[in-house]
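Start from the sequences, fold in the hints, and give me the full structure.
Here are the chains, one letter per residue:
Protein chains: 2
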Amino acid sequence: MKKELDAIFKSRSVAVIGATGRKGSIGRETLHNILLAEFNGKVFPVNPKAQVIHSIKAYSTILDVPDSVDLAIIIVPKEHVVGVVRQCGEKGVKGIVVITAGFSETGKEGEKREKEVLKVVQEYDMRMIGPNCFGIVNTDPKVNLNATFGKTYPKQGRIGFITQSGAMGEAIMNTAKELGIGFSVVASIGNKADISSNDILEYFKDDPNTDIILMYLENFGNPKKFTQIAREISYKKPIVVVKSGRTSLGAKAASSHTGALAGLDVGVDALFDQTGVMRVDTVEELFDVASALANQPVPKGNKVCVVTNAGGPGILATDALINNGMEMPSFSPSTVKTLKKFISAEASFSNPMDMVAGAGAKEFKLTLEAVLKDKRYDTIIPIFVPPVTINQLEVAKNIYEAVKDTKKTILACFMGAGFSSEGISYLKEHNIPVYIFPEAIAKTLETLAKYNNWLKKPKGKFRNFKVDTAKVSAIVAKAKAEKLDAIIGDDAIEILQAYGIQAAGYQYASSANEAATISSQLGFPVVMKINTPQILHKTEFGAVKVDLRTESEVKKTYNDLKNKIAKHYPNEEFSVSIQEMITGGIETVIGMTIDPTFGPLVMFGLGGIYVEIMKDVSFKINPLTDVQSKEMIRSLKSYPLLTGFRGADPVDLKTLDETLLRVSQLVKDFEDFVEIDINPFIVSPSKDNCKAVDARFILKK
Amino acid sequence: MKKELDAIFKSRSVAVIGATGRKGSIGRETLHNILLAEFNGKVFPVNPKAQVIHSIKAYSTILDVPDSVDLAIIIVPKEHVVGVVRQCGEKGVKGIVVITAGFSETGKEGEKREKEVLKVVQEYDMRMIGPNCFGIVNTDPKVNLNATFGKTYPKQGRIGFITQSGAMGEAIMNTAKELGIGFSVVASIGNKADISSNDILEYFKDDPNTDIILMYLENFGNPKKFTQIAREISYKKPIVVVKSGRTSLGAKAASSHTGALAGLDVGVDALFDQTGVMRVDTVEELFDVASALANQPVPKGNKVCVVTNAGGPGILATDALINNGMEMPSFSPSTVKTLKKFISAEASFSNPMDMVAGAGAKEFKLTLEAVLKDKRYDTIIPIFVPPVTINQLEVAKNIYEAVKDTKKTILACFMGAGFSSEGISYLKEHNIPVYIFPEAIAKTLETLAKYNNWLKKPKGKFRNFKVDTAKVSAIVAKAKAEKLDAIIGDDAIEILQAYGIQAAGYQYASSANEAATISSQLGFPVVMKINTPQILHKTEFGAVKVDLRTESEVKKTYNDLKNKIAKHYPNEEFSVSIQEMITGGIETVIGMTIDPTFGPLVMFGLGGIYVEIMKDVSFKINPLTDVQSKEMIRSLKSYPLLTGFRGADPVDLKTLDETLLRVSQLVKDFEDFVEIDINPFIVSPSKDNCKAVDARFILKK
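For the protein sequence lines, the chains are A and B, in the order given. When you read off a place in the first sequence, starting at 1, and then add 42, the result is the number in the numbering used here. When you read off a place in the second sequence, starting at 1, and then add 42, the result is the number in the numbering used here.
You can't tell identical chains apart in this list, so a pair holds if it fits in one copy or across any two.
Derived pair list, reagent style DSS-like, types lysine-lysine, alpha-carbon separation capped at 25 Å:
1) Lys383 / Lys120
2) Lys133 / Lys84
3) Lys404 / Lys120
4) Lys470 / Lys193
Quick caveat, the hints were computed from the structure, so don't treat them as lab data.
What follows is the structure in structure tokens.
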């Protein structure tokens, strides 16, 4: 694939098919851009109606071009694309970029047209970017290819950029230029009929000109491949993504079903979490993070020092940093001693360090040098609000002088200096990112910290438990034979037990006396449930009775329930299930749902309100490593409940960790289920009292 | 006060005391700015060492100025300020602005100096802004006063701006100018020794040039007065505030004490909530909101329509809008019919309306006209990503043509068009705010929606219950006489009962038999607690035993507790309290803590983990109206637990609402407490089972 993409991005000979001389036309602008960027190769305009375009000889068809051609940029009307692509094939072109729109993005007719084009591409062993794309850019001075119809030829830089939306591509390139951010390669991949974002990602992995990868994504073609590639790349080159389509317009009802809890976006977040990909919410944040990554090391930790000549911005920065999970330790005594030598005694010598008004270039330099020596900090943020009396460029120069040799992360803020003053320009030219507002720095550091944590995390292993797959197969086969929608009750419990997941068994009773006898044998207290498949939400119906302590209580409860059911379902046969009651434990929920893109997601949460109202749950894409199962449990806000809240004994987390991994294995082994709810799985301090009490496996239709 | 502030802001005769000709000096720049802005009055430089400054005759002292002087701007060294101020008094000056720093912001010496200055100001019946401020601005063409030393003379506009930080003032004015936002009056209030932000707020209330008020605040001088003024103004003129100092650096331990739960900033948020003041987190958001308010009506509701020529930004906008609480209803059938007349059938005719590539000025105009007629929307957001083939200015003109007569809110987004293209400039000149990123619009709409909700909210009434204050006074007096730190146990319960708050009474037992007898009388089940003041966190010690169902259980529990205590506190006398057990209810916590700035805050939350780990609590500044008490309860994330979660009966909310108001009255009547915790207050479906079970009143030292 590298060879094929090299033919596209490092082409020495390009044909622009559909080039015109008409001002404002996409064909003209694309040819124009290639010429303006001083492409280091040969360009051949192709247009049956023109002799010369932009002073360059034009050819009727690509077959008339006398030289060989690596790359064809195609901008002809959609109906002509197939024919033109076939000519490219005959000519021996290796790569094509189809800018023309009107393919699968427009409905069935377009889809058909796209398939025809793809067939020809494959027939001639070519590779294609697009259709319906914005073009490609390679800023390498050896190449200088700007085959887009946009207005912006980006600065050279070390960022590779993949965009699924042409409009966003143009918007991002334009804004990047205003912010002074450069790109190595830009690929607008359009409908991804042939070459996908995964292919380009893989290309960036080994591209010596690309250190950082930015992506604008709307959906995933092959998330499994993305996971594998992105995970590998993230260890070497950071990936930052804006993925749109975050919210679902419909409100979700309160429910503990794993399926209803998984929002549209849970899979995407899980995917990014598991691959080290930094997800940002907005294009603004994309730039903020990219500026930091392109110019500074990823901070080694969360400890930040702010040095400022103005109190207000220092306080705003502190607010934002703390809110975004940073720490701001105070200075070491020796730092304070150094600072006191040149900073007025009126200052407070705390972090944020407000050097008080009047501090200028010299104070910035000396203060930064002092705090850089203080081992407590990973990141230093100089904040400058230019007073009229102080030369801004001098301050910028002195900031640079102070920090130029450090390995710590430096992110500067020039507030109220305009969007591009001479001080800001100076720092940017010297690889110090400058932000207009301190809040952007705080958000950036939060994103980088998440990445850094991912980098440091152990990779984890997949466990493989000895389980009884035959038993589960038998239960599933029986349920399918009976055309059941779901496996519930003791069958469900037996599936769990076959996978070594502890569960409280059921016994059934169809008379009050039988219920009492069974209860006595199990030992009090017991739980009684109506054994009627129609009533899935047992709690809401009042159909679960807990903590029954005596035989007479059991009998009375049996009769009460029977009468209640008789009223609502007069034709229903009545029986109950009796189960030992696990006391003193905490209810958790373990579940699985199928994401249409990512496949099975495993869920964990604390039971009842934590799941249903607080939505305090975690999801991961199956299968889970032993590190991931631990993380799922420990990342919950309600996690402290499990570790000994208010003097309670901590629950047996080892058993819980293992249970999640066993569920993960079950999900991996059996593709028969579309949803699993183990609810509740009770956890307790003693291993013996960690047990599933109810479970439900919804079968694939 | 209006007259005095008019003398300052609408002065006809200004002396600049400390003006110099030295480039870069604050004195020179201030004089220079007054001249540059073409001040509509007389200016007199005062400097003992110069004859002429900037071609204007200078005077040795203000007493030498031949004309009368309304306003003196003082920039002399800090040691000379008192003397100069006295001369101003003798001259008959009405207002002074002291720019000089080195007063209370720098420590004790400076504080003394500030007091001396203030004394002179008051002696001569003058009013003073500052010291340590950035100066003042009035852009009214009849005045044109720019008495600051900054580099920016703001555009004329209808925004009044109060800033407590000079550096932030300069930064904000500078950025505002770049964004094309204008101000009516800017007041940098510095140390607020005399004139406060409240005074300026009040001035803006009746200032015909000011429609919107922006503030940058670091702290509150007189929050009670702020509450009263801000509440009144908010109904007429929106107030938007950046208040810094949001976070406390120290992490807060998990605890249910109201005091520990109230962060540094809970009072500020409560204050803003209660006064309709819009709080924004960042200076960026301040501008975003200000642009909308200055040019567009506040949206009547949350329903938004997005019209775009590019899919990607449309999706990003939708994500952000939904996340910020907006709704995006689909089009009415008649709107779809209209749209189909001129938009390609390939479009999807849903909200966001992606007109697909190629849509230009005409399509924007027709689509906007169509959706403006659709009654479903309160706000319309046109998003334009400029393709090379489309004239951006034409699009801007057509957007304006379509929306110029609407009463709906229009906020536009031009993405990737640069920070100030001709299209953006055109729209801004025609009062349509333009944002670079759609997320900023979403955040702005969220802030405006909160304001609109406040405007629509009923004002509420204070209730006055008949209570037994004498009884509470007696209990407090007794506790004080005994030098107790806190009132707990049955004394605390009696305070509640005196205020008509239902509570479960205590009885004490100092033997197992006595405990059993009392329990029998109360009726089972009962709760037993160790009656030992030292063990405040009873649950953690395991010193509360609930659900005791028989006499023998009571006796055994008594003896177990006694043995446990004997081990840890061998010299402690042992007794227990016995209390009826309220079953089937939900634990809540009602509390009070004193905010150093805002006085008593009332707190409400659900008990246990909801309060301690989920931090799901609400605070309001006391006293509460009947609307506010309701809001406190209903704003909790865990509120659905009270309204019948999973088929349970809803609790008696009326009693809970009333209980909060009774607590509010108690807090208002007695200033003896620094903290109150009613924990738990159990709520149940039946009024009789809504009862406080434990309470603690910590006494002021």
